[in-house]
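Make the full structure from the sequences, and use the hints.
There are 2 protein chains.
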Amino acid sequence: MKKLLFLIMLCVSMHSYSQDAYNLWLQYHPIQNETLSKEYTAILNTVELRSTTPTSAVIKNELNIAVPAMLSINPNFATSSPSLLISKVADLSEAESEQLSGTQEIGSEGFYIKPIQVNKKKFLLITATTDKGLLYGTYYLLNQMQQNNSLKSIDVLENPQLQKRLLNHWDNLDRTVERGYAGFSIWDWHLLPEVIKKEYIDYARANASIGINGTVLNNVNASAEILEPFYLEKVKALADAFRPYGIQVYLTARFSAPIEIGGLETADPLNKEVRNWWNQKVSEIYTQIPDFGGFLVKANSEGQPGPNNYGRSHVDGANMLAEALQPHNGIVMWRAFVYSDEKPDDRAKQAYTEFVPFDGTFKDNVLVQVKNGAIDFQPREPFHPLFGAMPNSSLMIEFQITQEYLGGISHLTFLPKLFEETLQEDTFSQGAGSTVAKVIDGSLSSKKLTGIAGVSNIGTAHNWTGHPFAQANWYGYGRLAWNPNLKAENIAKEWLKMTFTSNPKFVEPMTRILLNSREAAVDYRTPLGLHHIMAAGHHQGPGPWVDYLGRADWNSVYYHKADKNGIGFDRTKTGSNALEQYAQELQERYNDPKTTPENYLLWFHHLPWDYTMNNGNTLWYNLAQHYQNGVEAVENMSTTWQQMKPYVGTDIFTETEMLLKLQLKEAQWWRDACLLYFQEFSQLEMPAFIPKAPHTLEYYKNFRNRYAPGINPSWD
Amino acid sequence: MKKLLFLIMLCVSMHSYSQDAYNLWLQYHPIQNETLSKEYTAILNTVELRSTTPTSAVIKNELNIAVPAMLSINPNFATSSPSLLISKVADLSEAESEQLSGTQEIGSEGFYIKPIQVNKKKFLLITATTDKGLLYGTYYLLNQMQQNNSLKSIDVLENPQLQKRLLNHWDNLDRTVERGYAGFSIWDWHLLPEVIKKEYIDYARANASIGINGTVLNNVNASAEILEPFYLEKVKALADAFRPYGIQVYLTARFSAPIEIGGLETADPLNKEVRNWWNQKVSEIYTQIPDFGGFLVKANSEGQPGPNNYGRSHVDGANMLAEALQPHNGIVMWRAFVYSDEKPDDRAKQAYTEFVPFDGTFKDNVLVQVKNGAIDFQPREPFHPLFGAMPNSSLMIEFQITQEYLGGISHLTFLPKLFEETLQEDTFSQGAGSTVAKVIDGSLSSKKLTGIAGVSNIGTAHNWTGHPFAQANWYGYGRLAWNPNLKAENIAKEWLKMTFTSNPKFVEPMTRILLNSREAAVDYRTPLGLHHIMAAGHHQGPGPWVDYLGRADWNSVYYHKADKNGIGFDRTKTGSNALEQYAQELQERYNDPKTTPENYLLWFHHLPWDYTMNNGNTLWYNLAQHYQNGVEAVENMSTTWQQMKPYVGTDIFTETEMLLKLQLKEAQWWRDACLLYFQEFSQLEMPAFIPKAPHTLEYYKNFRNRYAPGINPSWD
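Quick note, the sequences are listed as chains A and B, same order. Under our numbering, think of the first position of the first sequence as 4, with each following residue one higher. Under our numbering, think of the first position of the second sequence as 4, with each following residue one higher.
Worth double-checking, as some hints may not be accurate.
The list cannot tell twin chains apart, which means a pair is met if one copy fits it or any two copies do.
In silico lysine-lysine, BS3-like type, Cα no more than 25 Å apart, as pairs [stated by the list, open to error]:
| hint | residue 1 | residue 2 |
| --- | --- | --- |
| 1 | Lys239 | Lys664 |
| 2 | Lys648 | Lys564 |
| 3 | Lys237 | Lys664 |
| 4 | Lys91 | Lys366 |
| 5 | Lys564 | Lys125 |
Just so you know, these hints were derived from the structure itself, not from any lab. It should be emphasised that the depicted structure is a prediction, and the values quoted were computed from it without experimental measurement.
Below is the structure:
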């Protein structure tokens with residue numbers, strides 16, 4: 004008996020204190036609370052799964068993983084007298100359906116969970132109109148249990164608010180990942196199609212658990228080869244593996260593919276041969292993958308080929324592909340991340356200038372994919388002016404989950420705070436309340452196709468994301484894709500509880516850490532509206548002095564415009580007037596520095612170093628204060644983390660402790676390099692609270708990090 | 004109680020059937036056999052560890068991992084009345100030492116394990132002269148337990164037979180791994196020195212468990228930058244992490260470093276400034292890493308810079324570095340893998356021609372590192388003629404663990420069979436019995452520095468090696484580094500038992516599979532002495548037609564020399580006479596095709612397609628037979644594997660099943676492509692047992708695998 008007890012303790016302790024980060028937020032920790040454990044057990048002990056599709060096999064598999072782990076029982080799969088019934092609406096008996104009201108509200112991916120009573124027997128019901136909805140409902144239930152929420156009065160009907168909820172993998176065929184900080188691409192092409200790795204299945208589980216329903220497998224800077232039979236056979240194997248999890252596969256299509264793999268002389272979208280080539284290629288794909296999602300396209304941007312090469316427009320290009328895909332229910336996601344080779348206008352204005360004239364001319368199965376801000380995934384940017392400016396087109400938002408500008412592999416930064424901020428920004432495009440979320444969910448558009456994309460932070464790292472806390476960003480992105488109006492604070496709590504523990508002594512301080520981490524990231528890099536002043540190439544460290552790159556708008560100096568007179572980018576009428584691309588209410592608010600939110604001050608204004616801000620201190624002083632705040636925030640993270648030791652596994656405690664040390668070192672590096680550099684212009688005293696930098700400005704300027712992750716050294 | 008039992012069953016079942024491949028051969032499965040379990044428990048229950056060094060902390064940690072897992076008890080670490088005493092000889096009491104004889108035989112890395120009795124108390128003793136020896140002794144004991152061997156009459160004294168037992172990582176600073184099939188480099192440079200990953204510690208444990216005592220961190224095609232302070236700080240962090248495990252760190256030194264990072268005009272090894280620069284650089288390294296191992300150098304080989312660039316010899320170069328390292332007890336490993344840019348002599352002769360004249364002129368702390376064969380890690384090569392030809396130099400052997408020519412990521416191939424074959428080959432350099440093993444262990448040399456290197460197959464793959472069975476090659480290399488005369492069969496059994504189960508129903512058939520796999524690999528690629536006929540660049544598939552590369556001896560046609568008159572490379576007097584580089588006995592044996600072992604037939608002879616071999620069939624027929632044998636061997640592997648399902652975890656069963664399917668496809672690819680190609684020359688009928696190839700020779704010739712792992716597409 005003693006031996007038995009000991010073995011159990013071991014197993015339990017192994018489970019609690021050396022958990023495998025590979026399992027992400029699906030840790031399914033044993034339920035410690037006895038009351039809840041009894042409550043859940045009463046529900047999960049006998050499950051009737053009234054379906055025998057591949058997706059219902061997935062549901063069964065997930066319950067067989069989760070329930071023993073959480074409740075120490077094996078669910079009994081029965082055909083009657085269940086404690087939990089999982090059934091599509093169409094398969095409910097009359098007596099069962101009678102208990103429900105509102106099933107007509109359940110969309111094709113939604114679910115409805117509620118306790119019902121039939122013939123004096125009470126049980127919990129998960130119902131939906133499709134198996135996919137049942138899968139999402141099951142994950143919802145498990146999510147509630149993982150968070151230790153009581154199911155007693157559960158009565159929930161949820162539908163996702165966006166249709167296409169995608170990950171974008173910037174994965175290359177050689178398995179390097181552009182801006183990837185988590186190892187290699189998870190797609191092991193050489194071993195496909197024969198070898199379906201366990202990781203593909205667990206990837207699908209993780210994504211299904213947060214409602215992600217599509218994935219673009221290859222980099223926006225694409226290789227045409229992925230459209231060749233050699234690769235399509237492998238893509239099909241992945242699509243087959245993902246299908247039961249409700250995940251469709253998409254590909255980035257290189258616009259010049261008709262030339263590169265088709266042997267044609269042109270890729271002109273109005274050319275008959277080219278159009279035929281795409282029609283045939285698309286048909287070929289759909290013979291192998293009947294539910295192929297469609298194409299993502301980056302065209303005429305940063306060297307990628309596109310319709311402009313032939314004097315054709317984005318609409319010509321997008322619609323050609325849309326026409327080829329439409330008979331198969333496929334879609335085109337056409338990226339709006341363009342900036343002209345010729346016109347030297349403010350980068351922030353270029354996409355709007357190019358795309359707004361096309362409003363209303365894209366085919367119905369086209370989504371215009373717009374980055375959250377007009378520059379490029381900065382720690383903070385105002386929302387992209389295209390949101391709200393194309394009411395007769397389907398716009399989708401593109402967020403970056405991988406931390407290209409937010410600390411790559413080494414920084415704890417909770418991005419749902421950034422996502423939430425953008426989604427809740429009011430565009431005023433149709434009066435007050437015209438949030439970005441409303442723009443993308445179709446409320447303010449005449450079009451009904453909706454979507455969202457997140458540039459994946461996933462790789463071959465055992466914990467999937469490199470930094471262990473970056474998992475929270477994948478999780479949070481999925482939750483916001485399902486419901487763009489969720490609060491970042493609630494997402495943080497969900498993730499912490501599911502991944503670690505529900506103990507409030509852990510959840511409360513860690514929620515504060517997560518929520519504060521994004522502002523810290525802004526503060527020690529680009530406070531007060533500064534943007535795009537990172538080191539060239541790898542982006543991991545500071546580079547406000549960068550002025551030597553091929554285009555003016557690749558250089559840091561273009562963005563901060565620091566001189567003896569001040570700092571900041573004048574985007575008002577007296578400057579680039581990017582402001583005019585926003586609604587009148589915002590123009591009025593941001594036109595005057597005094598009414599501009601300080602978060603955006605230097606985004607819209609060039610102000611003197613001694614400009615007096617709201618707190619009575621100068622711009623220079625406050626700039627330094629923000630940098631220092633950021634550094635101190637990281638110190639606080641470390642201090643708080645020390646107290647979290649009892650609540651987490653040893654491995655992750657130690658790893659995070661070490662990463663926070665490195666993050667502090669890098670936050671200090673940003674502060675020191677940027678302030679020394681800006682001081683050359685301000686010619687003002689460094690405030691007393693700024694410690695003396697350990698190195699000179701020359702040292703920072705000369706520092707090369709040739710092999711920093713995520714880049715090609717030839718870019719440096 | 005029921006719940007408890009169930010939880011235990013779960014834990015046990017989780018442990019037995021879904022084991023984590025990350026744990027390599029240190030799975031520490033619970034001991035099922037009750038008798039053994041009692042026997043081990045009697046020994047392991049009370050441990051006196053009479054030492055408090057970092058290495059003894061490692062010993063304690065390993066026991067705290069292994070003992071609970073295997074025996075469900077926590078070892079009690081006591082200061083008296085032990086059941087197991089782990090103590091250096093110097094710390095033994097008189098009464099204890101009296102029990103032993105032969106402690107003077109224990110070398111600096113050896114150990115002695117034996118039961119002793121003091122004051123009527125019996126206990127097991129592990130003793131050694133150093134803590135490192137105690138560590139190796141502890142791993143030996145655990146190894147015996149993992150193999151379910153009785154410890155009742157254990158009485159073993161072991162010393163490693165080679166001093167420097169190294170891994171060589173061909174890892175680049177951008178974390179790609181040349182010829183790596185297991186993901187990225189495990190060295191996460193960006194996170195060092197702050198973040199010491201758990202993987203580094205488990206790497207050290209795995210290596211210590213097989214007696215590996217050194218590791219070269221960076222690629223032989225080196226970047227000089229690793230010698231800069233920015234990287235040395237990170238190298239030091241790794242050295243500090245490895246030190247308690249008895250592992251020294253080494254670096255590949257780029258010969259032109261004085262120019263590239265030193266700012267000098269030359270790297271001439273006889274130049275005073277250059278010598279000073281190296282002296283200072285070496286001193287700088289030793290200030291940070293007092294037990295730094297030394298340098299590995301690839302010079303004047305495949306474009307790497309070296310002394311020849313300055314009209315100096317290999318000896319000049321090696322001795323310069325040796326002189327700088329000698330005061331610090333460091334060594335130089337100077338690679339003999341050279342082939343002249345000018346002289347077009349048989350590649351197999353070049354290293355011998357260049358190095359033999361230098362015999363006896365290298366400094367004492369120089370090892371000449373020689374590949375196992377004279378070409379380049381082929382599936383089969385005769386031993387390198389340098390072995391035995393330089394009796395006044397220290398030669399070390401270099402094996403390739405990573406499967407560059409043996410199927411990379413997708414082929415189950417047990418390499419200790421190859422290692423054993425070479426090590427037991429008789430060079431006849433000092434009469435019969437002058438095996439390669441005796442050459443490298445110093446028995447036949449006037450020098451006493453000995454060593455061995457294995458090109459690592461380790462990467463960021465969760466299971467470390469990509470293909471799960473490739474772990475056996477890392478394990479087997481380590482065992483042979485410790486004792487070059489071990490039998491591959493015994494190594495196979497050890498590894499199977501430790502990694503999976505001791506059940507003979509598994510071990511017996513799987514041992515046969517492992518042992519047969521190398522011959523299968525030879526048969527379906529390069530039978531009968533063929534070599535170097537793989538596809539250009541990636542080497543993963545066949546390419547006997549390759550004739551277009553920059554140097555003649557990079558082309559496949561150079562090596563098989565197929566023409567209408569026959570196939571094979573005449574290395575006798577009538578050909579390149581590479582044979583004269585071998586001892587007289589071998590010259591006589593290999594001179595005549597009739598006495599040449601068929602394994603080497605086409606290595607030494609060019610023979611007609613209708614040449615009659617020992618079995619009465621023609622060369623052409625037997626060639627086809629061997630290819631077919633290889634393919635059928637893989638089919639048999641698959642069939643046998645199906646029966647192994649009850650004995651292994653589900654995940655690894657399925658993964659291996661899928662990999663064997665892929666291996667079969669690739670074996671068939673090799674067979675079909677090679678036979679179709681050679682048939683163009685033989686003009687003979689394809690034997691009836693060869694199935695019709697699914698594709699034409701043109702198809703195989705045109706097949707491009709641009710992104711196969713381990714390569715740079717620009718090489719193709």
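Hint check results:
1. Lys239 to Lys664: Between copies only: 18 Å across chains, 44 Å inside a chain, cut-off 25 Å.
2. Lys648 to Lys564: Result: close neither inside a copy nor across copies, 45 Å intra and 67 Å inter.
3. Lys237 to Lys664: For Lys237 and Lys664, only the inter-copy Cα distance (15 Å) is at most 25 Å; the intra-copy one is 42 Å.
4. Lys91 to Lys366: Neither, since 34 Å and 80 Å both go past 25 Å.
5. Lys564 to Lys125: Classified as neither; 68 Å inside a copy, 81 Å across copies.
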